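Chemist: Residues per chain, in single letters:
Number of protein chains: 2
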Amino acid sequence: MKADLDRLMAERGFDALVTTGPSANNPTMYYLANGVSVTEVTMLVKKRGQTPTLIVSSYERDEAAKSGLPVVERSKYDPVRLLNEERGDQLRANARLWEVVFADLDVRGTVALYGREEQGRALALANEVNARQSDVRVVGEFANTVFDAVWTTKDVDEVARIRSVGARTVGVVGNTAAFLSSHRAVDDVLVKKDGSPLTIGDVKREIRLWLAEADLEDPGGVIFAIGRDAGVPHSRGEDDQPIALGETIVYDISPREAGGGYYFDFTRTWCLGFAPPEIEKAYRDVLETFETILAEAKVNDLCRGLQQRVCQLLEARGHPTVRSDPRTNRGYVTSLGHGVGLNIHEHPFFSDYEGNVDTLAPGCIATIEPGLYYPDDGGFGIRIEDCLWMDPAMGRLENLADFSKELVLPVNNGV
Amino acid sequence: MKADLDRLMAERGFDALVTTGPSANNPTMYYLANGVSVTEVTMLVKKRGQTPTLIVSSYERDEAAKSGLPVVERSKYDPVRLLNEERGDQLRANARLWEVVFADLDVRGTVALYGREEQGRALALANEVNARQSDVRVVGEFANTVFDAVWTTKDVDEVARIRSVGARTVGVVGNTAAFLSSHRAVDDVLVKKDGSPLTIGDVKREIRLWLAEADLEDPGGVIFAIGRDAGVPHSRGEDDQPIALGETIVYDISPREAGGGYYFDFTRTWCLGFAPPEIEKAYRDVLETFETILAEAKVNDLCRGLQQRVCQLLEARGHPTVRSDPRTNRGYVTSLGHGVGLNIHEHPFFSDYEGNVDTLAPGCIATIEPGLYYPDDGGFGIRIEDCLWMDPAMGRLENLADFSKELVLPVNNGV
Chain A
1 MKADLDRLMA ERGFDALVTT GPSANNPTMY YLANGVSVTE VTMLVKKRGQ TPTLIVSSYE
61 RDEAAKSGLP VVERSKYDPV RLLNEERGDQ LRANARLWEV VFADLDVRGT VALYGREEQG
121 RALALANEVN ARQSDVRVVG EFANTVFDAV WTTKDVDEVA RIRSVGARTV GVVGNTAAFL
181 SSHRAVDDVL VKKDGSPLTI GDVKREIRLW LAEADLEDPG GVIFAIGRDA GVPHSRGEDD
241 QPIALGETIV YDISPREAGG GYYFDFTRTW CLGFAPPEIE KAYRDVLETF ETILAEAKVN
301 DLCRGLQQRV CQLLEARGHP TVRSDPRTNR GYVTSLGHGV GLNIHEHPFF SDYEGNVDTL
361 APGCIATIEP GLYYPDDGGF GIRIEDCLWM DPAMGRLENL ADFSKELVLP VNNGV
Chain B
416 MKADLDRLMA ERGFDALVTT GPSANNPTMY YLANGVSVTE VTMLVKKRGQ TPTLIVSSYE
476 RDEAAKSGLP VVERSKYDPV RLLNEERGDQ LRANARLWEV VFADLDVRGT VALYGREEQG
536 RALALANEVN ARQSDVRVVG EFANTVFDAV WTTKDVDEVA RIRSVGARTV GVVGNTAAFL
596 SSHRAVDDVL VKKDGSPLTI GDVKREIRLW LAEADLEDPG GVIFAIGRDA GVPHSRGEDD
656 QPIALGETIV YDISPREAGG GYYFDFTRTW CLGFAPPEIE KAYRDVLETF ETILAEAKVN
716 DLCRGLQQRV CQLLEARGHP TVRSDPRTNR GYVTSLGHGV GLNIHEHPFF SDYEGNVDTL
776 APGCIATIEP GLYYPDDGGF GIRIEDCLWM DPAMGRLENL ADFSKELVLP VNNGV
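Line order of the protein sequences matches chains A and B. In this text, residue positions in the first sequence follow the working numbering: the first is 1, and each later residue adds one. In this text, residue positions in the second sequence follow the working numbering: the first is 416, and each later residue adds one.
Quick caveat, the hints were computed from the structure, so don't treat them as lab data. Nothing here was measured: the structure is a model prediction, and the numbers come from that model. Any given hint could be a false lead.
[Unchecked claim] Sample of chain B residues facing chain A (criterion: CB under 8 angstroms; computed from the structure):
no.: 1; residue: 449
no.: 2; residue: 452
no.: 3; residue: 523
no.: 4; residue: 532
no.: 5; residue: 564
no.: 6; residue: 594
no.: 7; residue: 596
no.: 8; residue: 598
no.: 9; residue: 599
no.: 10; residue: 601
no.: 11; residue: 603
no.: 12; residue: 628
no.: 13; residue: 629
no.: 14; residue: 648
no.: 15; residue: 651
no.: 16; residue: 760
[Unchecked claim] Chain B stretches covered by chain A per the calculated footprint, using a threshold of three residues with CB under 8 angstroms from any CB of chain A:
no.: 17; segment: 687-697
no.: 18; segment: 794-804
Built from N, CA and C at the ideal position, the CB exists for glycine as well.
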């Protein structure tokens with residue numbers, strides 16, 4: 001939670017932190033600037049123990065003021081004069097701009113750098129600033145950053161926002177189920193009123209409209225993969241493909257608040273009309289595994305331990321896993337889940353390796369998404385994913401948006 | 416254009432380039448991976464003169480294959496073993512992964528780094544790789560990168576895609592004009608059927624639906640700012656604000672192909688019902704300036720020269736400009752335009768500083784967007800923006816999506 005930031009900075013010896021870039025698709029800026037809309041040239045400087053200062057283009061002074069933070073217009077530092085003095089050398093002019101900003105805000109010591117930017121640009125600038133300034137050292141964190149740590153647990157407002165995205169997401173999923181069921185099947189594929197096959201592209205188009213109506217955006221795109229394609233975890237489905245009965249559809253949807261903000265992540269697997277026995281059995285294996293994990297998981301459990309447990313459960317049901325064969329593309333081939341917040345994938349992570357100390361900490365939000373993947377010809381894929389909150393008061397995972405886990409969606413076969 | 420990449424790499428002494436990260440909101444990856452959908456752990460390595468290799472999660476092998484590039488599954492390099500050997504130290508494990516990849520692909524020498532990533536992470540990793548590997552030096556470009564250069568001019572396919580986004584964008588703008596005009600005004604504000612005021616939030620909601628219907632997404636959000644707010648270039652408009660007659664509305668819309676890809680950028684200024692004389696005069700000043708620039712601009716013109724010319728034209732009409740006062744927030748306070756492509760702002764840039772050598776190169780696509788901003792109480796803003804292509808055959812700017820520049824939108828006043 002944000003309240004932990006100063007303590008974490010102190011533990012790591014950071015006197016200040018800087019994040020740069022737009023608020024869109026840039027979680028550290030969005031988070032510290034309290035979600036206001038600012039563009040590329042923005043810089044946010046936070047000294048340890050102090051409120052951040054937001055340095056913005058004059059164009060954006062009113063938007064920036066909505067953050068509630070102290071705002072400085074970038075023109076105060078006269079960037080055009082610096083550019084002219086450096087004869088158009090952007091790198092030197094920007095390093096000088098940082099010097100002027102740091103002097104103005106009295107920043108010294110170790111400055112940790114964040115923000116999703118072109119990384120070559122970041123590398124060049126950090127090296128230039130460090131070469132010029134003796135009283136500042138710009139450093140980068142590679143993993144388990146202070147933001148990774150503060151984001152691992154959510155405060156009340158964040159839980160409410162993610163819950164709201166979840167409610168709207170399952171609304172879209174419900175629309176999708178009803179839309180599919182409203183079609184009749186001819187020769188085992190869904191058809192439109194004019195008799196032509198309903199395609200994955202048609203379905204995705206409806207989903208995009210429902211998302212927009214629900215004030216959601218979908219930066220990553222929906223996965224709606226059928227049959228053999230569903231057997232590869234991130235295959236997205238081909239737009240021109242018809243929708244056949246009796247094959248698994250993996251429908252994975254991970255929208256975000258419109259205008260940037262918090263994500264949700266959710267998957268259901270459906271068979272239209274009927275499910276062949278092999279798929280029914282595999283689905284039951286995944287669902288039982290899902291329910292066992294949900295029943296067993298408790299606060300502060302080690303996430304890699306849950307990953308081991310899923311492998312054990314699915315191996316006992318006869319499936320290969322990443323534990324029995326680390327390079328398998330068949331059976332259980334993923335990790336069990338991931339945290340969700342301003343990033344679609346964030347801590348806690350569930351991969352099973354030495355040094356993964358992530359836990360189901362009180363207040364974390366994570367997906368649980370066991371699956372089985374058989375990508376061979378005639379193969380199939382299954383994934384069940386809910387998004388859960390470790391309720392600090394109860395010490396148990398609470399599902400943030402419930403939705404039926406029935407495998408078979410009815411259709412009007414041939415009527 | 417992409418065909419220039421190897422020449423530019425040679426000129427700058429780059430033996431290879433690496434870009435990392437997802438294809439979403441990461442133009443270098445999207446561009447070199449030919450627009451396929453891949454997520455965070457992706458790495459693309461291009462040796463000079465050779466086809467890039469795409470290294471992806473096994474989950475994404477099928478999506479990655481659609482790029483037409485050679486694809487390597489990341490599991491080949493056994494990242495989990497590396498993590499275990501490094502006892503969970505992500506930085507050392509990743510630096511070793513890069514060593515193994517570089518050895519496998521026979522990459523040596525100067526490697527330029529791109530991709531929109533967390534910049535602290537990039538800084539730490541580049542320094543670690545450089546400290547470990549004697550035969551590779553990872554470097555970053557701060558400005559005027561090889562991608563900035565290749566993106567400055569567009570090939571036929573890119574022009575067609577941006578033109579298509581443009582046609583859909585002005586379709587949405589036309590819907591918006593018709594929607595506003597379909598409302599009646601009571602006491603000089605637009606009202607809904609139930610008599611309550613139509614708000615900016617209501618309008619933006621419709622715009623989001625039209626964008627989704629047109630297969631467009633809107634990562635930056637629409638500007639729909641009225642009256643005094645329109646006088647600040649990037650103020651977005653308040654959702655709860657009613658829409659008054661006789662005030663300027665700056666409506667700036669910059670959508671992108673759904674699922675990531677090419678942007679368009681477009682602005683109109685409207686007054687509902689009527690325009691006061693002061694606004695009519697200022698609008699005419701902007702429109703005449705716009706038309707003069709369009710008539711005068713020719714291939715290879717220096718962009719900063721056009722910026723100087725706009726200042727001259729608007730100063731002659733009695734307005735302060737960034738030339739007459741670099742820190743002014745009144746009058747002409749912006750630069751004239753910017754390139755548009757996979758980035759909403761890219762080269763050519765029009766700012767007037769020494770060393771800005773950007774030109775209207777044959778094949779470039781740029782906005783031209785003069786405006787006037789008077790943010791005082793009772794103030795107003797005006798901006799007219801089209802997106803234009805420097806047609807290499809004609810040597811003249813061609814408007815990629817035409818739309819009326821009438822200031823006044825009629826409404827049913829009081830009927």
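Chemist: For every hint, state whether the structure bears it out.
Modeler: Hint-by-hint comparison with the structure:
Interface restraint check: residue 449/B against chain A, minimum CB-CB distance 15 angstroms, threshold 8 angstroms, status violated. Interface restraint check for residue 452/B: the shortest CB-CB distance to chain A comes to about 6 angstroms, inside 8 angstroms, so the restraint holds. With a least beta-carbon distance of about 19 angstroms to chain A, the hint placing residue 523/B at the interface is violated under the 8 angstroms criterion. Against a cut-off of 8 angstroms between C-beta atoms, the interface hint on residue 532/B holds, since the closest Cβ of chain A lies about 5 angstroms away.
Because the beta carbon of residue 564/B sits about 14 angstroms from the nearest beta carbon in chain A, more than 8 angstroms, this interface hint is broken. Interface hint at residue 594/B: violated, since its Cβ lies 16 angstroms from the closest Cβ of chain A, which is beyond the 8 angstroms cut-off. At a threshold of 8 angstroms, the smallest CB-CB gap from residue 596/B to chain A is about 23 angstroms, leaving the interface hint violated. Taking 8 angstroms as the C-beta contact cut-off toward chain A, the hint placing residue 598/B at the interface is violated, the least distance being around 21 angstroms.
Taking 8 angstroms as the C-beta contact cut-off toward chain A, the hint placing residue 599/B at the interface is violated, the least distance being around 26 angstroms. For residue 601/B, the interface hint is violated, the least distance from its beta-carbon to any beta-carbon of chain A being 28 angstroms, above 8 angstroms. Among the interface hints, the one on residue 603/B is violated; its C-beta lies about 24 angstroms from the nearest C-beta in chain A, farther than the 8 angstroms criterion. Among the interface hints, the one on residue 628/B holds; its C-beta lies about 6 angstroms from the nearest C-beta in chain A, closer than the 8 angstroms criterion.
The interface hint given for residue 629/B is violated, since its Cβ lies 10 angstroms from the closest Cβ of chain A, which is over the 8 angstroms cut-off. Checking residue 648/B against chain A by beta carbon gives a least distance of about 4 angstroms; that is within 8 angstroms, so the hint holds. At its closest, the beta carbon of residue 651/B sits 6 angstroms from a beta carbon of chain A; the interface hint therefore holds under the 8 angstroms criterion. With a least beta-carbon distance of about 6 angstroms to chain A, the hint placing residue 760/B at the interface is held under the 8 angstroms criterion.
Coverage of the segment 687-697 of chain B by chain A is violated in this model, with 0 residues showing a Cβ closer than 8 angstroms to a Cβ of that chain against a need of three. With a threshold of 8 angstroms between beta carbons, the proposed coverage of the segment 794-804 of chain B by chain A is violated, since 0 of its residues qualify and at least three are required.
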